[in-house]
Each structure stands twice: as structure tokens, then as C-alpha cells.
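Below, each chain spelled out in residue letters.
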Amino acid sequence: MKFLKPAIIAAAILGAGGAMASPYDHAIEARQGLMDNLAFNLGILGGMAKGAMPYDATEAKSAADNLVTLSALNIGAYWPKGSDDEALKGDKLKTHALPAIWAKEGEFMGHYKALHEATLKMQIAAATGREGIQGAIGDVGKACGACHKAFRAPE
Amino acid sequence: MRRPLLLLASLVLLGLAAFWYVTRPDPLPPRAMAGLTGDPQHGKLVFWAGGCASCHAAKGATGADRLKLGGGRALVTAFGTFHVPNISPDPKDGIGDWTLQNFGNALLRGLRPDGAHLYPAFPYSSYNKMTHQDVADLWAFLRTLPPVAQPDKPHDLRFPFNIRRLVGGYDFLFVSKAWVVTGDLTPQQIRGRYLAEAVVHCGQCHTPRNALGGMERSRWLAGAPNPDGEGRIPNITPAHLKWSSTDIEAFLTTGLTPDYDSAGGQMADVVQNLAHLPKSDIAAITAYLKKVPPVK
Numbered sequence: 001m002k003f004l005k006p007a008i009i010a011a012a013i014l015g016a017g018g019a020m021a022s023p024y025d026h027a028i029e030a031r032q033g034l035m036d037n038l039a040f041n042l043g044i045l046g047g048m049a050k051g052a053m054p055y056d057a058t059e060a061k062s063a064a065d066n067l068v069t070l071s072a073l074n075i076g077a078y079w080p081k082g083s084d085d086e087a088l089k090g091d092k093l094k095t096h097a098l099p100a101i102w103a104k105e106g107e108f109m110g111h112y113k114a115l116h117e118a119t120l121k122m123q124i125a126a127a128t129g130r131e132g133i134q135g136a137i138g139d140v141g142k143a144c145g146a147c148h149k150a151f152r153a154p155e
Numbered sequence: 156m157r158r159p160l161l162l163l164a165s166l167v168l169l170g171l172a173a174f175w176y177v178t179r180p181d182p183l184p185p186r187a188m189a190g191l192t193g194d195p196q197h198g199k200l201v202f203w204a205g206g207c208a209s210c211h212a213a214k215g216a217t218g219a220d221r222l223k224l225g226g227g228r229a230l231v232t233a234f235g236t237f238h239v240p241n242i243s244p245d246p247k248d249g250i251g252d253w254t255l256q257n258f259g260n261a262l263l264r265g266l267r268p269d270g271a272h273l274y275p276a277f278p279y280s281s282y283n284k285m286t287h288q289d290v291a292d293l294w295a296f297l298r299t300l301p302p303v304a305q306p307d308k309p310h311d312l313r314f315p316f317n318i319r320r321l322v323g324g325y326d327f328l329f330v331s332k333a334w335v336v337t338g339d340l341t342p343q344q345i346r347g348r349y350l351a352e353a354v355v356h357c358g359q360c361h362t363p364r365n366a367l368g369g370m371e372r373s374r375w376l377a378g379a380p381n382p383d384g385e386g387r388i389p390n391i392t393p394a395h396l397k398w399s400s401t402d403i404e405a406f407l408t409t410g411l412t413p414d415y416d417s418a419g420g421q422m423a424d425v426v427q428n429l430a431h432l433p434k435s436d437i438a439a440i441t442a443y444l445k446k447v448p449p450v451k
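Going line by line, the protein sequences match chains G and C. Position 23, counted from 1, in the first sequence is what our numbering calls 23; the numbers after and before it change by one each time, with no gaps. Position 154, counted from 1, in the second sequence is what our numbering calls 309; the numbers after and before it change by one each time, with no gaps.
Worth flagging that the hints you see were computed from the coordinates, not collected in a lab. Don't take every hint at face value.
To be verified - Capping the alpha-carbon separation at 25 Å, the derived lysine-lysine pairs in DSS-like fashion look like this:
#, chain 1, residue 1, chain 2, residue 2
1, G, Lys113, C, Lys397
2, C, Lys445, G, Lys50
3, C, Lys446, G, Lys50
4, G, Lys50, C, Lys397
5, G, Lys61, G, Lys94
Quick caveat: nothing in here was measured; it's all calculated off a predicted structure.
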């Protein structure tokens, strides 16, 4: 029985390795994490805009600063060629990235730049109070939506 | 021998008469739009609420290009491919030579100026509940837009859907001027119903359809396959959409969900259009959505 244990562990490791089929898994996890980070910080500002949480100048500034930083990252490596939803159909790690991202790379990067510009405006607005956030969040949402509309497959 | 023949002949005649009656175009009375003066400023709001640019502007158009309504998009459906027409004020390729009465017949009755039926890919089954004044205002605004020289492409539909006369039968069976949500409504919910059911035409995507393409009014806004590709258009009745009013309003103005994901697909476009409306209208649509009967 003793020798069975290492065999089972080995099989489990191999099995897990088998499930991690694509060489793009890290990039996909990283970019989905990036989206989560954007959503998390946007959520703090959105909560204040909606009145779900009280306005707090320090928290608002931190969240807006984070959005500015996140949207300034060099994101090319997060979307390696071949990591689209068609090439990876049936793959374990789900991606909704459309092949159009690589066909229109300039447009794709342009959307991320537009997001950065919207977050810069948010950074100024977030310091002014709840109404400032309300005024600036529309453009941030618009930047998200414009890119998702063009480059993300529906659920 | 003569009796059965006569009977058969009269049955055929009766059938033809019924077909003629059921499929006949039913235009507005000749002076229905007379005396109305359109306000282009308000028409601009009707234009964005109605989402005209989402189909009639070129695919992917942004900024001022969303006001160039040359058409040309192809809508691929189970019935064949519809080619969106030019509705810019160009007198030759667009609708520059139409009258307000022509425009009223298109929106309120689903008819071309020559009296032939328009296909329901154009959402006259919603627009038919618009007020005549809103139609006049929208017309006044459309007249201010740049003409686009781009001839229409004919639709490419399968038999028998290529027979326009049959659309009259569709209208008879499935097109109603009655509101779906009825009962005790506040003025705000009534405004929201007008926007959602008539102008913004939410039901055209969010309500499932039967085999002939008629909306299933008993499953109003209960979700449907995406008419424009993969995936599903979600159920937005209170049975499924459990967001607070604040969250719905925030979504309709920013496109951001309560999880701070963003709307994609055609809804991103709708949110862009709705951004032009006053806050009170967004609140009205939200109040209406809360009143829609829940459907699992």
C-alpha cells in the first residue's frame, strides 16, 4: 500500500497538468485579474456615487489613483496572440477574448488608452466629492463598454 | 354536380377575400399628422431613446458618424438577410423626399410611402405606440442630419418571407397597439412604460419570439436568444433581475453592473444612446422594470 501513495500523488499532479492545457493560462489569469482589480477599485467609487457608502476623500483618492496606475500598465503581454476564445475553444480556462483583438490591435490599445484618460479625469473629480464621482464615472464605464462591445464575446 | 363546384368556388373566393382583408395595409387617416409642428430639439432625445443610430448608422460608427444614417448594415436572421436602409435626408438614396405623413406611416403603421408593408426587423411593432407629437419631433430632427449618398441594397429573404404582402398577416397576428404592462401605474411608471415599450423598444431583444417571429407577450422581457450572434439576451423581469433601483439606474447611465463588470454587445450601444436622456427618464424606465410581471 505504501508505494501507492506516491503514485496517486504523481497521477494527481499529472492530471492537474493535463487540465492546464494552454500555454496562455498565466496570461489569461493575469488579464482577468487585471479586470478584477479595475472592477474592485471602480466598485469603491461606484458605491460612493450611488450613495451605497459615504463619501470618503482618502478612500476615493486611493481608488482613483489605483485606476490610473492599472490603466497605465503595459498590457501587450497580457493578450498573447493565440489566446482568443476561438483558438482556445473547449479549453479549461475560459476566455471571452475575440480574435478581432489581434486583427485590430491599434484599436484595442486605443480603448485602453481611452480608459486611462477617463481615469485621469476621475482622479481630479474624485477629490471634489460624491457629485464629482457621479460626473466622471460615466466616461469610465463608457470606456469599459466600448472595448467590451468590440472585443469581448457574449457570455 | 354543379352544387359542389359552386361551393368550392365560393370557399376559394372567401379565402382570398379573407387573405386580402387580413394582409391589407392599414395606413393612417390622410390628415393624421396635419397641424403638427416638430421640435427638433426634443426630436433629438426621441432619436437617442429610439436607438435609430444603432441600426441605421454604419457599423462601429462613433461620434458625429453616428448621425450619418446611410444604412448598409446586414441583419442575418432565420428568415434571410435584411439590409438596413438609408434614412438620411438624401432625396435620392435616403428619405429626403418623404413627408411627415410618410414618416408617420412608417413608424406607426409599418408602411412604406407606396403603401407596401415594411418588415418587422424595423421595430414598428413598438414604435406604433409612440405619440404623434414625438413622431413629428423625431422627423424634424432627422431633417437636420447630413444626407448620405448610398443606395439601399434589397433584402435577401427566403421564400415565402420575401412576399411583403404576408407581413400584413404578421401584423394581424402579432402586432398590437395595446400596452403589455397594465393596471395601477404611477405617472412615473407610465412614462417608463412609454419609453420602454414604445420608444426604446426593449422587448424587441429581451422578449422571446415564436417560430414566425412574433413576440410572446406572455413572456414579456423574459430573455431570448441573441438575434445578433451567440449567447442570450438576459431575462430582465423582476424574477431574474434582482438589482436595486439604484443599481439599475447606475447600469443604464454608466453601463456598469453592480459587480462593476460592463455591458457588452448591443447593450453597450443602448447605454450610449440612453446617456442622452434626462435622469428622470432613466428613473422612469427603472420604475417600469420593477412593475413588469416576473417570469421565470
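Hint-by-hint comparison with the structure:
For a cut-off of 25 Å, the pair hint linking Lys113 (chain G) to Lys397 (chain C) is broken: about 34 Å separates their Cα positions. The hinted pair formed by Lys445 (chain C) and Lys50 (chain G) meets the criterion: a straight-line CA distance of about 18 Å does not exceed 25 Å. Simply put, Lys446 (chain C) and Lys50 (chain G) have alpha-carbon atoms about 22 Å apart, close enough for the 25 Å limit, and the pair holds. Between the alpha carbons of Lys50 (chain G) and Lys397 (chain C) the distance comes to roughly 17 Å, so the proposed pair stays at or under 25 Å and holds.
The hinted pair formed by Lys61 (chain G) and Lys94 (chain G) fails the criterion: a straight-line CA distance of about 33 Å is larger than 25 Å.
When held up to the earlier numbered hints, the structure conflicts with 1 and 5 and fits the remainder.
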